[in-house]
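Now for the letters of each chain:
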Amino acid sequence: MESPRFLSRSDLIGLAALALLLVVILPLSLDVFRLNLVAKYLTYSFVALGLVLCWGFGGILSLGQGVFFGLGGYGMAMYLKLEASSVANTKIQSTPGIPDFMDWNQITQLPLFWQPFHSLTLTILAILIVPTVFAYLIGAAMFKRRVGGVYFAIITQAIAAILTILIIGQQGYTGGINGITDLRTLKGWDIRPDHAKVVLYFVEVAFLFGCILLALFVRHAKLGRILVAMREKEDRVRFSGYSVANFKIFAFCLAAMFAAIGGAMFTLNVGFMSPSFVGIVPSIEMVIYTAVGGRLSIFGAVYGTLLVNFAKTSLSESFPQLWLFGLGALFIAVVLIFPNGLAGIWRDHVQPLIDRLISKRKSGSDHSNGKSFGPIADGTPAE
Amino acid sequence: MFGDYSIGDLGAIFAMQGFAGLILFSVYVLMALGLAIIFGQMGVINMAHGEFMILGAYVTWMTSNAFQAYLPSLFPGYFFVAMILAFIAAGALGMLVEWGLIRHLYKRPLDTLLATWGLSLILQQAYRSIFGAREVGVELPQWMLGSKQITDTIEVPINGIFVMCLTFLITAAVAYVMYKSRWGRQVRAVVQNRVMAGAVGINTEKVDRYTFGLGCGIAGIAGSAFTMIGSTGPTSGQLYIVDTFLVVVFGGAASLFGTIASAFSISQAQSTMEFFMSGSMAKVLTLLAIVAILMMRPQGLFALKVRK
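Chains as they are written, first to last, in the working numbering: chain P, 1 to 383; chain B, 1 to 308.
If you're looking for bench data, these hints aren't it; they were derived computationally from the structure.
Just so it is clear, CB atoms sit at the ideal spot from N, CA and C, and this is done for glycine as well.
Since no wrong hints were added, every one of them can be taken at face value.
Covered by chain B, per the in silico footprint, the following chain P stretches (three or more residues, Cβ under 8 Å):
no. : segment
1   : 137-148
2   : 159-173
3   : 285-298
4   : 324-334
Kindly generate the complete structure, drawing on both the sequences and the hints.
Structural data, given as structure tokens:
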């Protein structure tokens, strides 16, 4: 096992490589449209990062991360929508000053739960706190009763289904199946033109690095090691006197908060939010990003998300028929052949090659670098 | 909300809603039976269960077309042939999947979830490529159409009665196979203790394969029965999967009786509430109630007490 020091050498290299890719290479080589696509993909990598913590380390598979992504995204969308529906902009409606879809649904007054979203501060607090509290409630109810594994996965999936049906059913309050669209400005700053997209991209990358650092910190702290221990042998951790439930709740809440930040950034970058990013299908797709990247690798989550989404965009642009076959095969291959994903391939095949090259060059220096790319990756995770 | 109805009307409404609930109940039981065997008995999370049902539905559709084209005189009875074919097709595909995929994953239940989800995507796209993206509907034979008048105000559709009878027969057959036959004993032995079952001479691999095949085959019959109630499209299976899992989990995964009881309570709750509010709110409230109860009683309504 690695030394518990925060940010080991391989982490620093990983951070630098990712920063080089996201801050230098991609912005320089892509036009604004493609860069905005990358920004959209990166919003999912927040979710994937959270899943590394709670699924990879904690062994808790949540199939409902879309719920938290959606809560964060809808929080931001509600704020932007209120700003876009000023009385001046909505003169033609029968009730000016409320969002257009409410007017279409014969609602004449802004519902109470929309009121806080007039204020940006309250919105940001809501984005961070509401999904976390929701995750806490779910987690506390489940983990305190020692429900885990498969049952937890199915129940989180049911919650994702419930939220989708609710959003679609309550069209007047949520915008229904179309979602919340036609978002324009953030505190008077137009989010639609190209230069705004570039700024938002860099803001998002900054947030992503913040989340990665937090995840790295959690992993290296005692907390992360307890999470892994719990995944491997829950009872022994419990017998050692740790409250297993509280650690699981923490990991789940942190994952939810990451997902919510991703959702909020999604709304800003893409310019709308709809229930199609909340339900069962997107939630499971987010799990596959994590699995492709390597469920134990914090950096892998980002690369996995980018790779799957690039493949999705390019395949569905040219061969729309093939995409679902490809995605399905990817699920099966990741489970059967590469349980540790890209990070596992890197660790088993690329890293040893690099190490050999380095040690050949530095012949004589006693340098056995067996460090893994994935953090605490010792074999496949036990379920 | 009751003001506008007389007592007699209300009685009729409740009877009709109750009957609609019974049809929903039959549908849930059919969907959940296969999964109760696969998930409850084997512990495999088959997210492609819905796609096996859709396979059964497509087989039924093809059979009905074939009968219409070549054997119009036998058309009234095509449904029974279709069900047998659906069972065989879905069961065979199930055994193939077990051989190629599931048997490598018995020790990693969460990974079966991902792998079978991938399988479901592949099957969906295969259906879309083969049968087209449009939903297809089956033409019902004359004797299944229409409805039966029970009193002046209460009438029930005949295809609903047929689905209910079918459900009853299949449930009885499954219960017999699982609890009375020699093969069912072997299945339960393998589930309880794989190593010991192998040691006393049961071919556990073969039992696994046939059990999975049986579960998928029942899903195929369920899909075949669905064609009488609604139309089928490539992604219809996904609509059922959460409901189905909740029915099985709510009833207590390892108990067939629990599955039936939970299908009954869920379907009655939903169809009764549907009368008072929109369908989507009824669904939300039902699912919320299930999740809340599961949080209080995580092992389901009828959990077997086992030492772990």
